[in-house]
Amino acid sequence: MAAEDNGRDLLAIDGIVKRFGGIRAVDGAGFSVAAGSVTALIGPNGAGKTTLFNLITGFEQPDSGSVRFDGEEVAKQPAYAIARRGMVRTFQLTRALAAMPVLDNMMLAAPEQPGERLRNVLLRPRAVRAREREVREQAEELLEVFGLREKADDYAGTLSGGQRKLLELARALMARPRMLLLDEPMAGINPTLGRRLLDHIQRLRSEEGMTFLFVEHDMEVVMNHSDRVIVMAEGRVIAAGEPHQVRADPAVVDAYLGSPA
Amino acid sequence: MTELPLAITFEAFTNVGFWSGVLVTAGIYAVVTLGLQLNVGYTGIVNFGQAGFMAVGGYTMAILVLEAGISFWLAMPLAVLVTMAFGILIGLPSLRLRADYFAIVTLAMAEVVRLSAQNAQGLTGGNKGLYCNFEGVEQTCFDDAWKSLTNPFLEWVEGFWPDVDPLFPLLLAVWATVVVGIFALNYIQRTPWGRVLRAVREDEDAARALGKNTLLYKLQSLAISAMFGALSGFFLALFLTTIQPDDYEPIVTFYAFGVLVLGGLASYKGVAIGAVLLWTLLEGMRFVELPITEERTAALRFALVGLVLILLMAFRPQGLFGKKEEMVLGR
Numbered sequence: 001m002a003a004e005d006n007g008r009d010l011l012a013i014d015g016i017v018k019r020f021g022g023i024r025a026v027d028g029a030g031f032s033v034a035a036g037s038v039t040a041l042i043g044p045n046g047a048g049k050t051t052l053f054n055l056i057t058g059f060e061q062p063d064s065g066s067v068r069f070d071g072e073e074v075a076k077q078p079a080y081a082i083a084r085r086g087m088v089r090t091f092q093l094t095r096a097l098a099a100m101p102v103l104d105n106m107m108l109a110a111p112e113q114p115g116e117r118l119r120n121v122l123l124r125p126r127a128v129r130a131r132e133r134e135v136r137e138q139a140e141e142l143l144e145v146f147g148l149r150e151k152a153d154d155y156a157g158t159l160s161g162g163q164r165k166l167l168e169l170a171r172a173l174m175a176r177p178r179m180l181l182l183d184e185p186m187a188g189i190n191p192t193l194g195r196r197l198l199d200h201i202q203r204l205r206s207e208e209g210m211t212f213l214f215v216e217h218d219m220e221v222v223m224n225h226s227d228r229v230i231v232m233a234e235g236r237v238i239a240a241g242e243p244h245q246v247r248a249d250p251a252v253v254d255a256y257l258g259s260p261a
Numbered sequence: 001m002t003e004l005p006l007a008i009t010f011e012a013f014t015n016v017g018f019w020s021g022v023l024v025t026a027g028i029y030a031v032v033t034l035g036l037q038l039n040v041g042y043t044g045i046v047n048f049g050q051a052g053f054m055a056v057g058g059y060t061m062a063i064l065v066l067e068a069g070i071s072f073w074l075a076m077p078l079a080v081l082v083t084m085a086f087g088i089l090i091g092l093p094s095l096r097l098r099a100d101y102f103a104i105v106t107l108a109m110a111e112v113v114r115l116s117a118q119n120a121q122g123l124t125g126g127n128k129g130l131y132c133n134f135e136g137v138e139q140t141c142f143d144d145a146w147k148s149l150t151n152p153f154l155e156w157v158e159g160f161w162p163d164v165d166p167l168f169p170l171l172l173a174v175w176a177t178v179v180v181g182i183f184a185l186n187y188i189q190r191t192p193w194g195r196v197l198r199a200v201r202e203d204e205d206a207a208r209a210l211g212k213n214t215l216l217y218k219l220q221s222l223a224i225s226a227m228f229g230a231l232s233g234f235f236l237a238l239f240l241t242t243i244q245p246d247d248y249e250p251i252v253t254f255y256a257f258g259v260l261v262l263g264g265l266a267s268y269k270g271v272a273i274g275a276v277l278l279w280t281l282l283e284g285m286r287f288v289e290l291p292i293t294e295e296r297t298a299a300l301r302f303a304l305v306g307l308v309l310i311l312l313m314a315f316r317p318q319g320l321f322g323k324k325e326e327m328v329l330g331r
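Which chain is which? The protein sequence lines are A and B, in order.
Residue numbers in the first sequence follow my numbering, run continuously in steps of one, and reach 261 at the last position.
Residue numbers in the second sequence follow my numbering, run continuously in steps of one, and reach 331 at the last position.
If we strip away everything but chain A, and leave its shape as in the complex, we get:
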């Protein structure tokens, strides 16, 4: 199912299997995500969406199958290496670093900081400080955009649930990703903040050509804000296409409502 002949695919997954004991959480799932698109991944609870996210981003190792990002096989690579390639994820339950200030959360995510190596801390302090100034500026700009500027010095643990979601997205952007994987970005946040989050996603896609893959349960968001929808059930992809096609697919209706017999 992976379309390797299509040069525009940024992410191509093929025949991914992951077993936990006797259960096949992901059972041969495969699909591709076009560069610059917003793709939604939906499916009933237990369909394997979050496990698939973990497999794609290296947080779990697949038993078999391939994950190609920008033409390179990443299925056996560690999570940090995949993130550095430009595929960055967020989590279903936000992972704000609670006992660190909001600004430190942001600055942490910046790539190419020589000061993250102990050797450079000791031998190249000037290069470290110069990069640190750049990173701080970028972080403050992004916090401004996300309306968190005045929270910069607060501990991230003092933010509201919605603000944490925004922080997590802003922090992921600090990593300068080419593709973002968002696990239920709209869960647990109020409609106003949700609106803003969606606006940011649309803006990043159109202005910077960023690619998005997101898991979401809110069908209104899925149908109105994605170019393509992939439907999973019982560890497999059962349908894929534009939102209106997927909505009309009887297999999808069955998966959600249960088929008679």
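Worth flagging that the hints you see were computed from the coordinates, not collected in a lab.
Fair warning: there could be bad hints in the mix.
Derived CB-CB ranges, DEER-like [stated by the list, open to error]:
1) A:E234 x B:L97: 30 to 36 Å
2) A:E141 x B:V157: 55 to 61 Å
3) B:W156 x A:P111: 42 to 48 Å
4) B:K269 x A:R149: 29 to 35 Å
5) A:N45 x B:P317: 37 to 43 Å
6) A:G21 x B:I70: 52 to 58 Å
7) B:P93 x A:E141: 38 to 44 Å
8) B:R98 x A:E140: 35 to 41 Å
9) A:E134 x B:A68: 22 to 28 Å
10) B:V157 x A:T158: 49 to 55 Å
11) A:Q92 x B:N127: 55 to 61 Å
12) B:E249 x A:H217: 51 to 57 Å
13) B:A68 x A:L122: 42 to 48 Å
14) B:W161 x A:R126: 18 to 24 Å
Here are a few chain B residues that sit away from chain A, every Cβ distance over 10 Å (derived from the structure) [stated by the list, open to error]:
15) V16
16) D100
17) A145
18) T150
19) E155
20) V179
21) W193
22) V196
23) F287
24) R296
Examples of chain B residues lying across from chain A (beta carbon under 7 Å, computed) [claimed, not checked]:
25) D203
26) L277
27) E326
Ideal Cβ placement from N, Cα and C applies to all residues, glycine included.
Please arrange chain B on chain A, whose structure you already have, making use of the hints.
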């Protein structure tokens, strides 16, 4: 003369030799606990094996001097490197485990080191320990070089301070190490490297998702901690003028944890002050005269230190210098 309950003798304040020993002990514990602070307070890895690193450092130094005939001053950096390598060797398989399993592995490691030292008699002298080598024509001891360096200094000090204790040079060296250690650790803690370390402490998965090789940072943290373990091992060897397996029992690590808790998590300064407080409390109580036998007083000392730690946990769980916000929000 009838004994007053709870009287404190004046000797408590005038015994220079006694208090020099207490301060050296406190300094040694401050050095070893600085490493623990880096691990537990800033990286979130619970290392119960500091006594093992002390032993590896001390024994390696003494064996290099006595068996291989290497200079004391060269043996120390070599022993530091050996201890750090040992830390990495232990960390590579075990730092992938969950925090509590890692703690068990490090505790076991320290005991393996101690029991090996007890039984590898050809190399370590077994329970007799290591001090001097009597085999050659001239007797060599591992602290010869230290003594030949510090004795002239001591004589010079005696010129204007006749009461100076022979431990004075060691006291200076230990506390200079503590001060330099605090500055160095505070410096690296404020760099982007230190920020990644804190992120690992807060949420390792979040750090990995942002492209950080968290295993590497945990290994570095453990190796640096092992270095402080080795340094304190040297000082303990010079203080006791011998290296014996009994001096590296797990209780040493637990005292260090007492220092850590007293001073507070995520504060290097707190380690130094916690060490002085704990050892002043523990040793100073020898001078409190109670109408009970000496053995009972000795046991009571530890009970009272335990009580102090319990009260601290109840009323100031972050310790003296820890940050309460970090403690509450971190969980």
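Status of each hint after checking the structure:
Distance hint check: the CB atoms of E234 (chain A) and L97 (chain B) are about 33 Å apart, consistent with the given range 30 to 36 Å. The given range of 55 to 61 Å is respected by E141 (chain A) and V157 (chain B), whose C-beta atoms sit roughly 59 Å from each other. The given range of 42 to 48 Å is broken by W156 (chain B) and P111 (chain A), whose C-beta atoms sit roughly 56 Å from each other. Look at K269 (chain B) against R149 (chain A): about 32 Å separates their beta carbons, and that is inside 29 to 35 Å.
Distance hint check: the CB atoms of N45 (chain A) and P317 (chain B) are about 39 Å apart, consistent with the given range 37 to 43 Å. About 55 Å separates the C-beta atoms of G21 (chain A) and I70 (chain B), a value consistent with the hinted range of 52 to 58 Å. Distance hint check: the CB atoms of P93 (chain B) and E141 (chain A) are about 43 Å apart, consistent with the given range 38 to 44 Å. Look at R98 (chain B) against E140 (chain A): about 37 Å separates their beta carbons, and that is inside 35 to 41 Å.
Checked against the hint of 22 to 28 Å, the pair E134 (chain A) and A68 (chain B) fails, with Cβ atoms roughly 50 Å apart. Range check, V157 (chain B) to T158 (chain A): Cβ separation about 53 Å, and the 49 to 55 Å hint holds. The hint said 55 to 61 Å for the Cβ distance between Q92 (chain A) and N127 (chain B), and at roughly 56 Å that hint holds. With their beta carbons about 56 Å apart, E249 (chain B) and H217 (chain A) fall inside the hinted range of 51 to 57 Å.
About 30 Å separates the C-beta atoms of A68 (chain B) and L122 (chain A), a value inconsistent with the hinted range of 42 to 48 Å. The beta-carbon spacing between W161 (chain B) and R126 (chain A), approximately 45 Å, falls outside the hinted interval of 18 to 24 Å. At roughly 40 Å from the closest C-beta of chain A, the C-beta of V16 (chain B) stays outside 10 Å, upholding its exclusion from the interface. The Cβ of D100 (chain B) lies farther than 10 Å from every Cβ of chain A, with a closest approach of about 20 Å, so its non-interface assignment holds.
The beta carbon of A145 (chain B) sits about 28 Å from the closest Cβ of chain A, which is more than 10 Å, so the claim that it is off the interface holds. Consistency note on T150 (chain B): stated as away from chain A, and its beta-carbon is indeed over 10 Å from all of that chain's, at 30 Å minimum. No beta-carbon of chain A comes within 10 Å of the beta-carbon of E155 (chain B); the shortest separation is about 38 Å. With a cut of 10 Å on Cβ distances, V179 (chain B) stays outside the contact zone with chain A, its closest approach being about 19 Å.
The claim that W193 (chain B) lies off the interface is violated: its Cβ sits roughly 5 Å from the closest Cβ of chain A, which falls inside the 10 Å cut-off. A beta-carbon of chain A is positioned within 10 Å of the beta-carbon of V196 (chain B); the least distance is around 5 Å. Listed as a non-interface residue, F287 (chain B) keeps its Cβ farther than 10 Å from every Cβ of chain A; the least gap is roughly 41 Å. Listed as a non-interface residue, R296 (chain B) keeps its Cβ farther than 10 Å from every Cβ of chain A; the least gap is roughly 44 Å.
The restraint placing D203 (chain B) at the interface with chain A holds, with a minimum CB-CB distance near 5 Å, inside the 7 Å limit. At its closest, the beta carbon of L277 (chain B) sits 25 Å from a beta carbon of chain A; the interface hint therefore is violated under the 7 Å criterion. The restraint placing E326 (chain B) at the interface with chain A holds, with a minimum CB-CB distance near 4 Å, inside the 7 Å limit.
Taken one by one, the earlier hints fail for this structure at numbers 3, 9, 13, 14, 21, 22, 26, listed in ascending order.
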